[in-house]
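Protein chains in written order, with the numbering used here: chain X, 1 to 298; chain L, 1001 to 1298; chain H, 2001 to 2298.
Hints in this document: simulated from the structure, not taken from any laboratory. Hints may contain errors.
Claimed, not checked - Derived pair list, reagent style DSSO-like, types lysine-lysine, alpha-carbon separation capped at 30 Å:
1) K277/X x K2295/H
2) K295/X x K1277/L
3) K1295/L x K1003/L
4) K277/X x K2277/H
5) K178/X x K295/X
6) K1003/L x K1277/L
7) K127/X x K178/X
8) K2277/H x K1003/L
9) K2277/H x K1295/L
10) K1277/L x K3/X
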Amino acid sequence: MAKHFTSLAELPLPTVLSLLDRSQFFRSQPPAHLDQVLRHKVVANVFFEPSTRTRLSFEMAAKRLGGDVINFDLGNSSVKKGETLYDTLKTLESIGVDALVLRHSDDRVFETLAHLRVPMINAGAGKHEHPSQCLLDLLTLRQEFGSFEGRHILIIGDIRHSRVAGSMILMAPRLGMKITLAGPDDMMPVPLPAHCARAPLDEALPTVDAVMCLRNQFERHEGLALSPAEFHTQWGLTSARAARMQSGAILMHPAPINRGVEIADELVEHPASRIFKQMENGVYARMAILEWILKGEN
Amino acid sequence: MAKHFTSLAELPLPTVLSLLDRSQFFRSQPPAHLDQVLRHKVVANVFFEPSTRTRLSFEMAAKRLGGDVINFDLGNSSVKKGETLYDTLKTLESIGVDALVLRHSDDRVFETLAHLRVPMINAGAGKHEHPSQCLLDLLTLRQEFGSFEGRHILIIGDIRHSRVAGSMILMAPRLGMKITLAGPDDMMPVPLPAHCARAPLDEALPTVDAVMCLRNQFERHEGLALSPAEFHTQWGLTSARAARMQSGAILMHPAPINRGVEIADELVEHPASRIFKQMENGVYARMAILEWILKGEN
Amino acid sequence: MAKHFTSLAELPLPTVLSLLDRSQFFRSQPPAHLDQVLRHKVVANVFFEPSTRTRLSFEMAAKRLGGDVINFDLGNSSVKKGETLYDTLKTLESIGVDALVLRHSDDRVFETLAHLRVPMINAGAGKHEHPSQCLLDLLTLRQEFGSFEGRHILIIGDIRHSRVAGSMILMAPRLGMKITLAGPDDMMPVPLPAHCARAPLDEALPTVDAVMCLRNQFERHEGLALSPAEFHTQWGLTSARAARMQSGAILMHPAPINRGVEIADELVEHPASRIFKQMENGVYARMAILEWILKGEN
Chain X
1 MAKHFTSLAE LPLPTVLSLL DRSQFFRSQP PAHLDQVLRH KVVANVFFEP STRTRLSFEM
61 AAKRLGGDVI NFDLGNSSVK KGETLYDTLK TLESIGVDAL VLRHSDDRVF ETLAHLRVPM
121 INAGAGKHEH PSQCLLDLLT LRQEFGSFEG RHILIIGDIR HSRVAGSMIL MAPRLGMKIT
181 LAGPDDMMPV PLPAHCARAP LDEALPTVDA VMCLRNQFER HEGLALSPAE FHTQWGLTSA
241 RAARMQSGAI LMHPAPINRG VEIADELVEH PASRIFKQME NGVYARMAIL EWILKGEN
Chain L
1001 MAKHFTSLAE LPLPTVLSLL DRSQFFRSQP PAHLDQVLRH KVVANVFFEP STRTRLSFEM
1061 AAKRLGGDVI NFDLGNSSVK KGETLYDTLK TLESIGVDAL VLRHSDDRVF ETLAHLRVPM
1121 INAGAGKHEH PSQCLLDLLT LRQEFGSFEG RHILIIGDIR HSRVAGSMIL MAPRLGMKIT
1181 LAGPDDMMPV PLPAHCARAP LDEALPTVDA VMCLRNQFER HEGLALSPAE FHTQWGLTSA
1241 RAARMQSGAI LMHPAPINRG VEIADELVEH PASRIFKQME NGVYARMAIL EWILKGEN
Chain H
2001 MAKHFTSLAE LPLPTVLSLL DRSQFFRSQP PAHLDQVLRH KVVANVFFEP STRTRLSFEM
2061 AAKRLGGDVI NFDLGNSSVK KGETLYDTLK TLESIGVDAL VLRHSDDRVF ETLAHLRVPM
2121 INAGAGKHEH PSQCLLDLLT LRQEFGSFEG RHILIIGDIR HSRVAGSMIL MAPRLGMKIT
2181 LAGPDDMMPV PLPAHCARAP LDEALPTVDA VMCLRNQFER HEGLALSPAE FHTQWGLTSA
2241 RAARMQSGAI LMHPAPINRG VEIADELVEH PASRIFKQME NGVYARMAIL EWILKGEN
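So that you can see chain X by itself, here it is in the shape it has in the complex:
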């Protein structure tokens, strides 16, 4: 039975915390100290949906640990010849890839692939979880606040279609964090998870430790009631709204950012923003995931 990293919600909490510790350790090390960790290991990036950050972040993570990376190029592949997903990934297993990093639109993709022996990592599959993103979000929060217990996260925007929000909503109660959601009705999860409050944006803002914006996934859903400009006015993080956040609160976004929609242009590199630090942390979180998958328990 292969070890997979498909869901953070299903991992035991001590494992999650140990992945965070390991991420932080990797952050503290100079590159020359780490280049033997994944020596002779080959990781395949297999992305059936576009990505910059996640794909490159896994590639960098593998290389920083001395591993090698094969990028499966969908456009030039046998998928064009009608090959099934299972056969494509079984091929990668057969040629000796040590782990698959997989992004796919299908919610049930890992069930389809249950017979594979190669370890798989969920790099954004379906619309429920994005566990490596959640790990880096947790790492960013812990760096800021030292611990999770009692912290309050406000998630704004397109929560219904966001696997980033989905993962955080699943993890927060396990870590003692409180979640409040804000956004238009057609972007709220149905049903609202029992442990999540919903609140008017301007009321919630001054009460939270972290504001998590989400990308409006224009390419995933048609017919939203609000135009980008209307969304910004009603639900976007504007400078006026950011000024109402409490001292020490931070601002997060998984990126890519629609500047001027979810968040005002001038807030992207605001002192309270951790957006690019999240990306830095993403590499360390993925180093921890790769090590955990490829080298046994820590």
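Please arrange chains L and H on chain X, whose structure you already have, making use of the hints.
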């Protein structure tokens, strides 16, 4: 005069056998023992036709031997600016690539390139030979049967358009193997090679040591007489047909597979199937080819 | 303040000469002597316009020096999701890339990116300069003539749209070289730089040390007065014209080549041609640039 690997049929038999020995040796070694073989060597993958298995297999082979790989990305290249194939490949030679792994639709591509000094490997060029695939097929047969002499291979399906079949038909008599062909008239080679028999599929099945299915290359030829479903009924390997194979006989397919056309879905991972083992062997065969090309005679 | 390589014209002359020395040094070394220079460094190739030579040349340069390369694949990236160039490159900075090699159509791209901390290398940005190409051209000239002082370069063709010509025109007077331009009116720079003469092609040819052809960039400008065949007759380097070059004079072209347009087919590998040697030199020049950017002053 550069050393090329363009045709298995033109290689002396002892060289072919030594490549098989070397492939088997690589199969037996842990990765850490092999990472100096191609150290400081850079191999370029240059694929003008889609491929998953062959391209990734060469990439994995080079990396497992400690070499480096440059993937020439056709879509983003100067070929778009009208550069000739010769100039593109002469460029790769000039920047110091140590070997070119080339897939191209033109049967005469290596003649066009005869002035290049960089060693070239045929990764499926034209429609006559696919020598690295043939090497892995031979490796799979030898692992199964210990030797080739007297073994009987049944090749089914689109033999006329298959460079995989073409290579095996050229090599079989040199190794003392008997070839029988089965398939519809418009998929038979013209003329039928003298050393190949043609037989009704159900008559031939119980008499052979290996059944080699081929991919129906729907993208290469229009106007076939048979629909995929008709092909399956008349010429596909069904479970009923597989049950008539003799004990110890194996089932091969170069992939990508059209499940339910050339072969029934449930046979792909049947105990007699060597399909994914063929893919594993492909990496070892290509390691042997790269070593032979880049390091002199073994 | 990050160190960038955006313009050769703005670099102090001793730095340019030291880059040439270093390029020549790298040319003299076996691969095994160089693989620690960029150890643990990761370079990202970020090409928003097609390229073969330049991208592969930087990739080879980084790998020969023991560095690692990430190829940013535009077609499969978040640029499709509407991400700004700044955010895309800030992402690469955040994930820890040590240098960006950037090709982009915008003349002002580096101004847009002035806040980034990651070192950037101009691999052909805008239409003014192509400094790594110029460095390899200078290296080729110095190998041939030992020094620059008093040498005379004839540049033919589409000078107005060529960043290759632009860079050479900027550098030549600093090195004591004389420049003559030849070509149709609509391909001449406006205004003609004060230090450049313009002369009839057949008059200039016997007087120069090097003839630099340029690629006709058919994809960049519509409505040229001359057809390719007319261009060849009037401004192309034909065998008859090449025969009038003085003994010891060399022939250069940045490639990709339109054979039979800028230059006759049979001249591409003529004894006076340095076209493929230019490509060889490109790798050494880019090794020098990467080392300079990533390892401090030489």
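message: Hint compliance check: list the failing hint numbers for this structure, sorted ascending.
response: 4 and 5
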